[in-house]
Amino acid sequence: MKNDAVFVYSPDLLNYKFNDNHPFNQLRVQLAYELLKDSGCLHEDQIVLPRKATDDEIMLIHDKGYVDAVQKAGDGKLSKEIALNYGLGTEDTPIFTNMHEASSWVVGATLTAVDWVMEGKAKHALSLSGGLHHGFRGKASGFCIYNDSSIAIEYMKQKYKARVLYVDTDAHHGDGVQWAFYDDPDVCTLSIHETGRYLFPGTGSIHEKGAGKGYGYSFNVPVDAFTEDESFLECYEKSLWEVADFFKPDVIITQNGVDAHYYDPLTHLSVTMKTYTEIPKIAKKVAEKYCEGRWIATGGGGYDIWRVVPRAWAYLWCVMNNHVPTGQIAENWLSRWDQEAKHPLPRTWEDESGIYKPIPRKEEITSKNRATLEKSLFSIRKSS
Amino acid sequence: MIVQNMMQKNVVTIHANETIGAALKLMLEKDVRNLPVTDEAGHLLGLVTDREVKDASPSIFHQNEHVEDFEKPVSTIMKSAVFTAHPFDIAEELSQIFYEENISCIPVLDENRLVGLVTERDMLHAFIQLTGTHQPGSHLEIAVPNQAGQLAKVASVLKDFHLNISSVLVYPSLNENEKIIVFRVGTMNPLPVIEHLIEYGYEVKWPPIPGENHEK
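The listed protein sequences correspond, in order, to chains A and B. Sequential numbering of the first sequence, starting at 1, is according to this note's numbering. Sequential numbering of the second sequence, starting at 385, is according to this note's numbering.
Derived from the structure by calculation, the hints contain no laboratory data. Errors might be hidden in some of the hints.
No farther apart than 20 angstroms at their CA atoms in a straight line, the calculated lysine to aspartate or glutamate pairs in the DMTMM-like style are these [to be verified]: (1) B/K589 / A/D224; (2) A/K80 / B/D544; (3) A/K213 / B/D415; (4) B/K543 / A/E81.
I would like the entire structure built from these sequences, with the hints used as guidance.
Next comes the structure, spelled out in structure tokens:
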């Protein structure tokens, strides 16, 4: 029987850990997993174990020299100077023991999700440890070592001959995935993110549209700092429907970074849980309309691991299963983590109103974002 | 940055005795707007831009009239007083010539032979590189007193956090007692360094610390 959705999870995925002080903390995956279990939203028969990706699979995207360097670094055998050339041993991507193995598990988890969907065993699949969209062919960047999103896309192209739509709602531009397929007309990338004027990585302007045969297959909607739910969702919903209608994908892979939330310490957007219930709903509808439901979702950024990530990623899974939890958060989850949490844990699924002071330039920001959206979609609107 | 490192080296050129029609065709084919005119030895004789070619072309409303003008040699329309640069000139100097003389390209000569060309677009590309925006990074804006030694002080804080600086710009501020230093740093997490800068008494104009809504 065909499952509606599968959840790829094992504790092996939690070993992707730089150090105790690093903002990227996969404890959040465990927190989301436990929240779902405690809420009765995730059942044993929906969980599938990941496999570890092979080196050949990783080299679908990454250069051999880089993979060798990651391997050596994880064994403590790479000199500091050489490491830095590969973006390893920096503040963002410090070296840790067995980093190659830990990263291979993350890639394997996303490939497991892909196989379940593409072999028709499930309509949707979720790989929360993945979505490491900054990794480049030959360089680690922005907390990302291997780019599981890019690898999954290339894997789907080669193994299943699929046309893939990649949708990225992380607050940071999905640069690694965009550049990996910049000249490829069979992969379309759409990234909605905080403008790169100040925020890492700095790219993702509306003018990055692809190159060569891939020209017109990269879409970017950089929104202004302090953008709120309504405007963010307007940009997301309109761009996703129009891009999907233009590209007609066989499958959708979404990167669900949840760092656009007001509470996130690394970015400057002001969305709330409302956005994170709506994002998967629309992705699901689009997948149903264009791809017979084929939809793979990954995690991504998210640096308020207590107040934001568990609820937002739990929503993602629930929406895959046609359910939106509301009201009180499971008491046993709260009591298990209350002590350890760095911030008081939210007691309800929804954010309370007024978690931030009203944004004075709201109207200006909304109208600027609308103009950005218009320009970003200009090439596909003109032809219709 | 020196001109040698920002100029185009494979320049499309034309000989003085070629026709205006040939110049137009060459511009369309190679998608260029500037044609340095050279002799057999590669000495620069002049410059033909799309403006000269347009001036010599009939109006689109009279396209079939005076087509014989296209048979005249380019030497009849080329500009021979041309601003040129040397491969060892610096980018800042060139940008000033572009701005003040309102021109679209500068041929680069070494011992009177044409060795390269810098267009307005090449100039912009050089600035993109100078601002570091082609590398992943975060942007920090810090207001400092308008006094000697400030850049070194702030940079040493960045050094303590092992942050690789891709570029630095120092802007004048509206307030003449201060200057704005803009760093592009190779990290996704500038928060720890920002907290320290604030602790040391610097005003960080951007990014805001978490929990603040408003631009300063």
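Checked hints:
Distance check on the hinted pair: B/K589 and A/D224 sit about 16 angstroms apart at the alpha-carbon level, within 20 angstroms; holds. Distance restraint check for A/K80 and B/D544: the Cα-Cα separation of roughly 17 angstroms lies within the 20 angstroms cut-off, and the hinted pair is therefore satisfied. For the given pair, A/K213 sits about 19 angstroms from B/D415 by alpha-carbon distance, which is consistent with the 20 angstroms threshold. For the suggested pair B/K543 and A/E81, the alpha carbons sit about 17 angstroms apart, so the restraint of at most 20 angstroms is met.
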